[in-house]
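Enquirer: Start from chain R and add chain D according to the hints.
2 protein chains.
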Amino acid sequence: MAPDGGIAPGYQLKRNSYDLGVYIELNDAVQRLRFSYPSVRAVVLTSALDRMFCAGANIGMLATSAHSFKVNFCKFCNETLAAIEDATSGSGQTYIAALNGTAAGGGYELALACEQILLADDGSSVVALPEVPLLGVLPGTGGLTRLTDKRRVRRDLADVFATTAEGIRGRRALDWRLVDSLARPTEFDAAVRDLAERAAARSARRLTSGEGVELVPLNCNESENTLSYDHVRAEFDRAAGTATLVIAGPDEVPTSVHGLHAAGAAAWPLAAARELDDAISRLRFSEPDLGTWLIKTTGDPAAVIATDELLAADDWLAAEITGLWKRTLRRLDATSRSLIALIEPGSCFAGTLLELALAADRQYMLDGVFEDGQLPAALIVGPMNAGPLAAASGATRLAVRFGPGDGLGAVLAVAGKELGTAQAMGLGLVTAAPDELDFQDEIRLVVSERAGFSPDALTGMEASLRFAGPESLSTKIFGRLAAWQNWIFLRPNASGPQGALRRYGTGQRADFDRRRV
Amino acid sequence: MAPDGGIAPGYQLKRNSYDLGVYIELNDAVQRLRFSYPSVRAVVLTSALDRMFCAGANIGMLATSAHSFKVNFCKFCNETLAAIEDATSGSGQTYIAALNGTAAGGGYELALACEQILLADDGSSVVALPEVPLLGVLPGTGGLTRLTDKRRVRRDLADVFATTAEGIRGRRALDWRLVDSLARPTEFDAAVRDLAERAAARSARRLTSGEGVELVPLNCNESENTLSYDHVRAEFDRAAGTATLVIAGPDEVPTSVHGLHAAGAAAWPLAAARELDDAISRLRFSEPDLGTWLIKTTGDPAAVIATDELLAADDWLAAEITGLWKRTLRRLDATSRSLIALIEPGSCFAGTLLELALAADRQYMLDGVFEDGQLPAALIVGPMNAGPLAAASGATRLAVRFGPGDGLGAVLAVAGKELGTAQAMGLGLVTAAPDELDFQDEIRLVVSERAGFSPDALTGMEASLRFAGPESLSTKIFGRLAAWQNWIFLRPNASGPQGALRRYGTGQRADFDRRRV
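If you read the sequences in order, they're chains R and D. Under our numbering, the first residue of the first sequence is numbered 1, with each subsequent residue one higher. Under our numbering, the first residue of the second sequence is numbered 1, with each subsequent residue one higher.
Just chain R, same shape as in the assembly:
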């Protein structure tokens, strides 16, 4: 990283330390490798510096950041690491961490997201998680969970490792499963090449070059109270504390998957997913006061179902677009805003777009029409709701909604059918179904009620209710670990004037309140 390339002033990205700007670029690169370079079957992460792979998140940046920024920064980094693992498991693009120098803190956590970790056996390069001993916080991007749950590092050794500021090198790092292999400096490049070639040979990808889709810049227009793209629009009501997100369905559907390739980045399902993904990230960072998001859709439900059929084709681009929707919906799940889906005449909650409603905390569906001549709203369940867009736990949102009873089967039995309000209500797909006289009042009431509650309590409640059912490595990182880190970031022992995060690098030791909570 260029030391003076920080996204904000006041710190230097020395020793390949990173800030949000670096992770935005990394996230973009991971995405582009999938869409623009589909013939790539192995990706090597290494450093252009000598003896320093990556020193982790920039401490100067962290020490001077607001609590909410730190939390959102870690969340975005975690989502990027999950995207790296998803590329390995879902796209046959295997990531290999070639640690040609020390990987510390977030630098080692980046390596942990790779399938293979190769460490230079040069007598000095270490892997380290020095956050607890040096900074008084946890490794913020899943390091502890990946040590125990992904790499199966014994937990007592993980304890020693995560409290050893100077890190662990060579043979011991290998014995403790902190890395997968070692290579002497003279053999390092050959070892990297060998790992990459083996990974590429194992990949199910068998594409030749030249088939990629260029991810052209999004057409994003920002004004004081709107954020709009070609298919996604957000409108802010600052007095009410809401953002209304409107996602438009496709105007046309290609007749075959070749049409998707021909349209490239302009193809509706790819463009709309990229836009929604971008909007979620922007609103998270820029609009913390808008605590409730009202989610609407417009368009022809049948066109979404037809598009979903194309996306089910045995085609790399179709699979990549589906994967992008999956990750975007997971980003929505992990967003600390109240999400309310509004299902009205003209809406388009079908298949992939139905997942937006299922990701929401509540679903309100109009019972009737607002004006004569309108068609009443309808939902359509499709194959996309039964697996490909599963939440981070691995379970579908429908399965989590209904649990092990008969509810799920009843819903899947009417897949493909237009479900009117009474039927959707009967099946348990919506929370409430006010009629046209009550609908707007009821939504106003919900919005004002939400605005009257503690934003912190809502964040904790939503995070608890959204992740009902099974847990995965990913939900543990976004739920358990993130919540602990939120707490620790806030405590004076980390962020107070005498806290470890504030005193790091000053030569002064932190002054801790020693009481255990």
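One or more hints might be untrue.
[As the list claims (entries may be wrong)] For the chain R half of the interface with chain D, some residues (derived, Cβ under 10 angstroms), not all of them:
hint: 1; residue: 152
hint: 2; residue: 155
hint: 3; residue: 290
hint: 4; residue: 401
hint: 5; residue: 449
hint: 6; residue: 471
hint: 7; residue: 479
hint: 8; residue: 487
hint: 9; residue: 515
[Said to hold, decoys possible] Computed far set for chain R versus chain D, every beta-carbon distance over 12 angstroms:
hint: 10; residue: 123
hint: 11; residue: 167
hint: 12; residue: 193
hint: 13; residue: 218
hint: 14; residue: 219
hint: 15; residue: 222
hint: 16; residue: 225
hint: 17; residue: 261
hint: 18; residue: 263
hint: 19; residue: 281
hint: 20; residue: 371
hint: 21; residue: 374
hint: 22; residue: 388
hint: 23; residue: 412
Source of the hints: derived by calculation from the structure; they are not laboratory data. These figures come from a predicted structure and were not determined experimentally. From the three backbone atoms N, C-alpha and C, an ideal C-beta is built for every residue, glycine too.
Expert: Positioned in the frame of chain R, the structure of chain D alone reads:
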């Protein structure tokens, strides 16, 4: 609850609200029902008040409590609710919540721990979780998790319920699965009796009365720097910030399970478990500055293995004693202190007592002896380490330690054998094995290193590493939900001068910082 029966001054336990004292009594009652009244097959929880089952935790008490007290109070309540569920599933003592009036907040969470919830259908009695709308915090004793994961309440309905301060009554409470049945006031007592009789009839328990063991008061001596019982002793080094817990193994082993019955509360495995359980709870609340617990054992390892054999008998008392060890070890797992096991000559880490070492964050085993003539330390793995004492996730500590590889099989293959230091180290049962020249220095180093770290970061790290692997309802409550609540309790929106928890009952509304984090 007697309104003026609070454990501390300054609040009244009106409307059956509770404080720590009430939960200490409840915990004791649940325990006594298992040991002293083993013929009981169904337990009805109801209220002596009219139209008020329980209003939850006393808000006056919460609003004036320190952060650390709130966290520890919730933890102890959660452990008691887990004990109620364990009595239902493990002892055939099925708990039934007979809500003869409103159950709000922690009152409803107490009902959620019961297998059946019967609500009076009297037009006024409600169930409610008003914490988010009224107090700006989460339900603190597992309410959200039990709604979704235990009762399978749909998450959008759970969202509506947990934001509806006035609660939900009658038919809707039933439809939403918030309760299991309704009864009109005139039919309420008969309905309770019917539920209790059915539960009793389903129970696997078939004991006649008069077989119980009286749980006599523990012989507990406290001085400034010690806490000692018959088999458990804790010594405090306040300068070092440590408590050294020494658990003594049995002096004698009954020749059969009848001997356990004859000894009653004096039987070693029952007495030692009760003492350890009591010591953990006392140290948690009273000694927050002692951040590291050094765990030692003394005695004859073979005697523990022989006792474990008795506990494996098909006998209700043996099963209850085993269950108490299981719960006590889980309390240790959930304790926010660094746990270091010291395995030295004369120690007794075998079977049940080996779990103490496996629950610890690290295990140090002396390689050699301190004095001529000593026998070197040995560990013994037994059947108790392979299932009956599983951690809260349902997995054994050995299984979590070794993951899915060959390590677990190798350890189980040497069950029953005395394992010396080299063998224990080779099998991965201990973290490090310093020799007699280094041992004390190394422990001093670990202790002083631990004392130099942020206590908050250690708590978060230990909570993450201890619960590697699968998650259960219980680990979600102790990990995910508890961490969110820790954060929320600390935020000014709850606990600041304008926070909801502080302003409750003053007639003033809370003044929130509306930004989402």
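Enquirer: Now tell me if each hint is right for this structure.
Expert: Hints, verified against the model:
Taking 10 angstroms as the C-beta contact cut-off toward chain D, the hint placing residue 152 of chain R at the interface holds, the least distance being around 4 angstroms. Nearest Cβ of chain D to the Cβ of residue 155 of chain R: about 5 angstroms, under the 10 angstroms cut. The hint holds. For residue 290 of chain R, the shortest C-beta to C-beta distance to chain D is roughly 8 angstroms, which falls under 10 angstroms, so the interface hint holds. The restraint placing residue 401 of chain R at the interface with chain D holds, with a minimum CB-CB distance near 6 angstroms, inside the 10 angstroms limit.
For residue 449 of chain R, the interface hint holds, the least distance from its beta-carbon to any beta-carbon of chain D being 7 angstroms, beneath 10 angstroms. With a cut of 10 angstroms, the hint placing residue 471 of chain R at the interface with chain D holds, because the nearest CB-to-CB distance is about 4 angstroms. With 10 angstroms as the threshold, the beta carbon of residue 479 of chain R comes within range of chain D, its nearest partner Cβ sitting at about 4 angstroms, so the hint holds. For residue 487 of chain R, the interface hint holds, the least distance from its beta-carbon to any beta-carbon of chain D being 4 angstroms, beneath 10 angstroms.
A cut of 10 angstroms between beta carbons decides the hint on residue 515 of chain R: the least distance to chain D is about 4 angstroms, and the hint holds. The beta carbon of residue 123 of chain R sits about 23 angstroms from the closest Cβ of chain D, which is more than 12 angstroms, so the claim that it is off the interface holds. Distance to chain D confirms residue 167 of chain R as a non-interface residue, since its nearest Cβ pair spans about 15 angstroms, more than 12 angstroms. The non-interface label for residue 193 of chain R is consistent with chain D: the shortest C-beta to C-beta separation is roughly 29 angstroms, beyond 12 angstroms.
No beta-carbon of chain D comes within 12 angstroms of the beta-carbon of residue 218 of chain R; the shortest separation is about 24 angstroms. For residue 219 of chain R, the non-interface assignment is confirmed: its Cβ lies about 27 angstroms from the closest Cβ of chain D, beyond the 12 angstroms cut-off. For residue 222 of chain R, the shortest C-beta to C-beta distance to chain D comes to about 20 angstroms, beyond the 12 angstroms cut-off, and the non-interface label holds. A cut-off of 12 angstroms between C-beta atoms confirms that residue 225 of chain R is not in contact with chain D; the least separation is 17 angstroms.
For residue 261 of chain R, the non-interface assignment is confirmed: its Cβ lies about 38 angstroms from the closest Cβ of chain D, beyond the 12 angstroms cut-off. Even its closest Cβ contact with chain D, about 36 angstroms, leaves residue 263 of chain R beyond 12 angstroms, as expected for a residue assigned away from the interface. Under the 12 angstroms C-beta cut-off, the non-interface status given to residue 281 of chain R relative to chain D holds; the minimum distance is some 14 angstroms. In this structure residue 371 of chain R is separated from chain D by more than 12 angstroms, as the shortest Cβ-Cβ distance comes to about 28 angstroms.
Interface exclusion of residue 374 of chain R from chain D stands, the closest Cβ pair being 25 angstroms apart, more than 12 angstroms. Against the 12 angstroms criterion, residue 388 of chain R stays outside the reach of chain D, whose nearest CB is about 21 angstroms from its own CB. Against the 12 angstroms criterion, residue 412 of chain R stays outside the reach of chain D, whose nearest CB is about 16 angstroms from its own CB.
Going through the hint list in order, the structure satisfies each hint without exception.
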